[in-house]
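Participant: Protein sequences appear in the order of chains C and U.
Our numbering applies: residue 481 is where the first sequence begins, and numbers increase by one.
Our numbering applies: residue 481 is where the second sequence begins, and numbers increase by one.
Because the hints were derived from the structure by calculation, they are not lab data.
Bear in mind the structure is a predicted one, so any value in this text is a computation, not a measurement.
Where is the CB? At the ideal position from N, CA and C, for every residue including glycine.
Be aware that one or more of the hints could be misleading.
[Claimed, not checked] Among chain U residues calculated to face chain C with C-beta under 7 Å, some are:
| hint | residue |
| --- | --- |
| 1 | A586 |
| 2 | E619 |
| 3 | G624 |
| 4 | E628 |
[What the hints assert, rightly or not] Simulated coverage check for chain U against chain C, where a stretch passes if three residues somewhere in it have a Cβ under 8 Å from a Cβ of chain C:
| hint | segment |
| --- | --- |
| 5 | 549–563 |
| 6 | 678–689 |
Below, each chain spelled out in residue letters.
Protein chains: 2
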Amino acid sequence: MSTLPSPQSKTTATPASRRSRVKRVPDRGHYDADTIHAILDAAWLCHVGFIQDGQPVVIPTACWREGEHLYIHGSTKSRMALALAGGLPACVTVTLLDGLVLARSAFHHSMNYRSVVAFGRFEKLDDTAKIAALRTFTEHLAPGRWAEIRAPNKQEAKGTMVLRMPLDEASAKIRRGPPKDDEEDMTLPVWAGVLPLAQGYGTPEADPLLAPGTPLPAYLRALTRR
Amino acid sequence: MSTLPSPQSKTTATPASRRSRVKRVPDRGHYDADTIHAILDAAWLCHVGFIQDGQPVVIPTACWREGEHLYIHGSTKSRMALALAGGLPACVTVTLLDGLVLARSAFHHSMNYRSVVAFGRFEKLDDTAKIAALRTFTEHLAPGRWAEIRAPNKQEAKGTMVLRMPLDEASAKIRRGPPKDDEEDMTLPVWAGVLPLAQGYGTPEADPLLAPGTPLPAYLRALTRR
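Take these sequences, add in the hints, and give me the full structure.
Facilitator: Laid out in structure tokens, this is it:
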């Protein structure tokens with residue numbers, strides 16, 4: 481959380497639309513690109529909401545950001561990819577949970593988190609843009625990996641759809657810091673504070689079928705040592 | 481992941497409805513209660529999808545499970561809580577990311593995850609059920625905490641809504657294990673395997689305003705030592 485820029489330091493310091501304004505606890509809302517980008521860049525996946533047969537559907541999928549767009553990909557047979565490529569209204573939400581906030585009163589228990597909610601419509605990338613985007617995605621997963629792996633062949637590229645949504649109607653919501661108890665509860669003999677939560681790498685697990693002697697590359701050693 | 485029961489060991493081994501059937505990579509789909517419950521019980525938050533003014537909206541919120549229901553709560557002023565209490569169709573999705581799957585080919589890169597997608601409508605709990613549910617929620621966050629903290633007073637209870645959705649139209653989707661590369665790529669000199677990801681506790685951060693000498697209780701020491 482220390483890497484986040486100070487909120488509202490930049491460009492879009494006001495919501496782009498009524499629906500993208502944070503209503504509950506509005507002082508947790510942020511609308512500047514730096515804050516929104518930092519949250520998206522720290523995430524591996526998003527939850528995509530769309531409407532199918534009058535029913536809301538929320539599907540988790542890998543995501544990455546480049547410039548002012550959020551990207552996802554999927555099989556050309558995926559019902560979500562097909563639906564979104566048709567230009568349906570969508571809502572994409574990314575949430576990073578940073579801690580459990582334990583207050584002296586049940587009521588003031590909370591969570592520390594950083595989230596982004598983005599409204600918009602996806603567009604499908606053309607073949608050239610698609611391969612470049614998949615490269616960005618792979619490098620988002622493990623910087624340095626693209627140079628090493630076999631690139632998509634024609635068949636694989638044909639079977640993959642890459643979609644992107646502009647981030648022009650996005651908002652961030654952030655809670656950080658200790659609990660906020662009522663004045664009269666401050667002297668209760670109860671431990672209060674934050675249990676931080678963080679997603680970290682475990683020890684890399686080599687494919688059991690890995691050719692003997694294949695070393696773990698430096699870019700992965702670096703990642704998993706952080 | 482080792483604590484997961486073996487898939488399809490129980491009751492609902494088939495999807496409850498057409499829309500709750502896993503379509504993409506159907507062998508990753510599970511419909512038994514044990515598998516679905518285990519994923520929900522390991523989560524702190526869910527993403528709730530609903531429709532507002534014809535637009536899909538996806539909002540992250542804390543969740544917990546008891547029996548055959550998924551629970552959420554919110555302020556009685558929250559537009560989401562109010563909308564859901566009205567019985568709107570909803571979709572609740574929980575996703576646990578377990579690792580990045582690094583294949584020899586770009587195409588076969590993947591993620592290991594456990595997710596649940598549940599369709600249904602929420603109902604609002606009455607006042608008595610509400611306090612019991614908030615207790616269950618607090619104990620889900622930190623088992624042992626409810627006995628210690630100040631319980632909600634009348635005003636706080638009045639301002640809090642607890643909602644629950646039946647889990648009778650839910651499905652789980654799970655990917656685990658190493659990458660699955662094409663036969664002809666198996667001899668490429670590229671490290672392949674899984675970078676495990678896990679959410680873990682950091683060192684508890686006491687509220688700066690904590691009364692001096694208030695100890696970290698045993699139930700929190702136990703949690704953060706795991």
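Participant: Output the numbers, in ascending order, of every earlier hint that fails for this structure.
Facilitator: 2, 3
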